[in-house]
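Quick note, the sequences are listed as chains V and Y, same order. Per the numbering used here: the first sequence = residues 1 to 249. Per the numbering used here: the second sequence = residues 1 to 355.
It should be emphasised that the hints constitute simulated quantities derived from the structure, not laboratory data. Be a bit skeptical, because a hint or two may be false.
As the list claims (entries may be wrong) - So these bits of chain Y aren't anywhere near chain V, every CB distance computed over 10 Å:
1) Ile4
2) Asp22
3) Glu37
4) Gln134
5) Lys186
6) Thr198
7) Asn207
8) Asn210
9) Pro288
10) Leu317
11) Met347
12) Asn348
To be verified - SDA-like cross-link-like pairs, simulated, lysine to any residue; straight-line CA separation at most 20 Å:
13) Lys193(Y) to Leu238(V)
14) Lys201(V) to Lys275(Y)
15) Lys29(V) to Thr200(Y)
16) Lys275(Y) to Arg323(Y)
17) Lys6(V) to Val184(V)
18) Lys193(Y) to Gly42(V)
19) Lys239(Y) to Gln86(Y)
Stated by the list, open to error - Which residues of chain V face chain Y? A few of them, derived with a C-beta cut under 7 Å, are:
20) Asp43
21) Ser99
22) Ile100
23) Glu104
Virtual Cβ for every residue (Gly too), placed ideally from N, Cα, C.
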Amino acid sequence: MEVKYKKSLGLTDTPLTYCPGCTHGIIHKLVAESLEELGLLGDAVGVASVGCSVFSYLFFNCDMQQAPHGRACAEATGIKRILPDNIVFTYQGDGDLASIGIAETIHAANRGENITVIFVNNAIYGMTGGQMAPTTLIGQKTTTSQDGRTTANHGNPIKISEIFSQIEGVAYLERVAAYDPKRVLRAKAAIKKAFTYQKEKRGFTLIEVLSTCPVNWGKNPVDALKWVKTDMAEVFPLGIFKDKGENNE
Amino acid sequence: MSRILMKGNEAIAVAAIKGGIDAFFGYPITPQNEIPEYLSKHMLLNNKVFVQAESEVAAINMVYGAAGAGARVMTSSSSPGIALKQEGISYMCGAQLPCVIVSVMRGGPGLGGIQPSQADYYQATRGGGNGDYQLIVYAPETIQETIDIMKESFDTADFYRNPVLVLVDGLIGQMMESVDIDKPIKKRSVPKKDYATTGTKNHTGRNTINSLFLDPQELENHNLLLNKKYQTIKQNETKYEMINVEDADYVIVAYGTMSRICRSAIENLQKTGLKVGMIRPISLWPFPKAAFDAIPKSCKGILCAEMSMGQMLDDVLISNNGRHQVGFFGRTGGMVPEPEEIVDAIMNFPDKVVK
């Protein structure tokens, strides 16, 4: 019998802790498959962050470190400087990366640390129960912006890919999404490219993945996927923001 | 063996290289800047890692990552900077990662000042990070002792898989003394770092570095394991010096810069016919509680002397356990006392007694 599809060797057998309809699971799969297909699982050291993906150190079938909130890129810097030939990646949400950890992330990028950041943006703090994130959209209701986020009170959603595209040390930067099969395949290609660039020691790579949080958004899984496409991608347009390889910079 | 004149901070940096560090991560702050300055050049010359981090918070987390990857790592800072590192320190204790942290104390609280102080005794021994954890804390009083302790501390950290804090003040960091950088130290064999995240192709199984235990029973078990380690450290790693305690009329307890000043004071007091001894804790945690058993019944009092408002005083009171009267002398904010002030404190001991 021919095997057409099986779970990636890059994932352990530990059941995922994510809510129904959340696309963290898909993104985990893409990272795991990419590492497996590139033959990098045995070299990989991942850094789990604080948030919904805090348990990713239990899910990825490679060596893992669990970082304090926001510090994943500092940890990854420490790991990579000691193990320059290993593949080092962080897996961070928008609260972890774009709020408390923005300094660590920007400076790792600016040093051109040869690491890969998987940045999962779902515009909300999921783990703590649906508070406003730096990426929360204007008008979006959260438990700490109950009448909707306003520019006057909270500023506008922060655009990480746009900001990081200005940084010299970044070798590859793409914003992708996981709301339909086409976008999922595109996301995988981006993640694979980031790991390939890291293997080729080209510098800092970051893949921003627009993700869902049906439970805290108050939507069913299908409407949540639609909302990413119609509302989130409007504010956070998909695309390649930087590619040092293709431009031969 | 040759002796050279060396500044305290530079000696710390040289000792770290002699101690075999693979990486240094730090952030500038006075009065410890000569440490990263020296290492920024010499680590690279030795093909080792030096990174000036964007903050103390980032620096300690780089230390965490590198230690988790199996490296011998160090950071250094001063009082407000050590405050920022407390998060990472707690995580490293929780995840059982070794490192050496150098704290060159300055006056506080807040931005405080940049002159020598000992007001971070609580910060070092009680911690500002969360949870039941302990750092191994050494407080040398000379630059030679600082070098020896630095070199030993990397082995100690690796042996126990726990951070070691070397606590000096700005005076030790900034002054120069004659030292032998290659003075032999007691080496200990350290276990192989089979916990390191070096990639699964380099070891059996999957290695994870982690301090998260959501199940309370698991977390309690983890704390019991850590506590067992701390009890072993208490038994084996307590260091102190006793000077003329056995027939002393008064005993001074002082460490670091303050113990240097008290040595001069004790000499001056001898001329008056008073027998004054000293207990000099070298390890602040574990604190040398047993040393207090050697104080004779005839002793009229114990003077705890610190460049703070009285922090080690707590440990002195605990160790004394009500046996003798305890007095306190302190200067703070960067004020370094003259030996005569200690002489006066002993001569007027009743005024100094802690109520």
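Tell me if the interface restraint on Ser99(V) is satisfied: Cβ within less than 7 Å of some Cβ in chain Y.
violated, 14 Å
Compute the least Cβ-Cβ separation between Ile4(Y) and chain V, then decide whether it is above 10 Å.
holds, 31 Å
Consistency of the no-contact label for Leu317(Y), given chain V and a CB cut of 10 Å:
holds, 35 Å
Please verify that hint: Asp43(V), Cβ, nearest Cβ of chain Y, below 7 Å or not.
Cβ of Asp43(V) sits 5 Å from chain Y, so the hint holds.
With chain Y as the partner, please determine if Ile100(V) meets the hint condition of a C-beta pair closer than 7 Å.
violated, 10 Å
For Lys201(V) and Lys275(Y), compute the direct alpha-carbon distance and say whether it is at most 20 Å.
violated, 68 Å
Below or equal to 20 Å on CA atoms is what counts here, so check Lys239(Y) against Gln86(Y).
violated, 24 Å
Interface hint check: Glu104(V), Cβ to nearest Cβ on chain Y, cutoff 7 Å. Holds or violated?
Check passed: Cβ of Glu104(V) comes within 5 Å of chain Y, closer than 7 Å.
Does Asn210(Y) really sit off the interface, with its C-beta more than 10 Å from all C-beta atoms of chain V?
Asn210(Y) not clear of chain V: closest Cβ-Cβ about 4 Å, inside 10 Å.
Holds or violated: are the alpha carbons of Lys6(V) and Val184(V) at most 20 Å from each other?
holds, 17 Å
Can we confirm that no CB of chain V comes within 10 Å of the CB of Asn207(Y)?
violated, 5 Å
Since Met347(Y) was said not to touch the interface, does its Cβ keep a gap of more than 10 Å from each Cβ of chain V?
About 51 Å separates Met347(Y) from the closest Cβ of chain V, which puts it past 10 Å; holds.
Of the hints listed earlier, those the structure fails to meet are numbers 2, 6, 7, 8, 13, 14, 19, 21, 22, in rising order.
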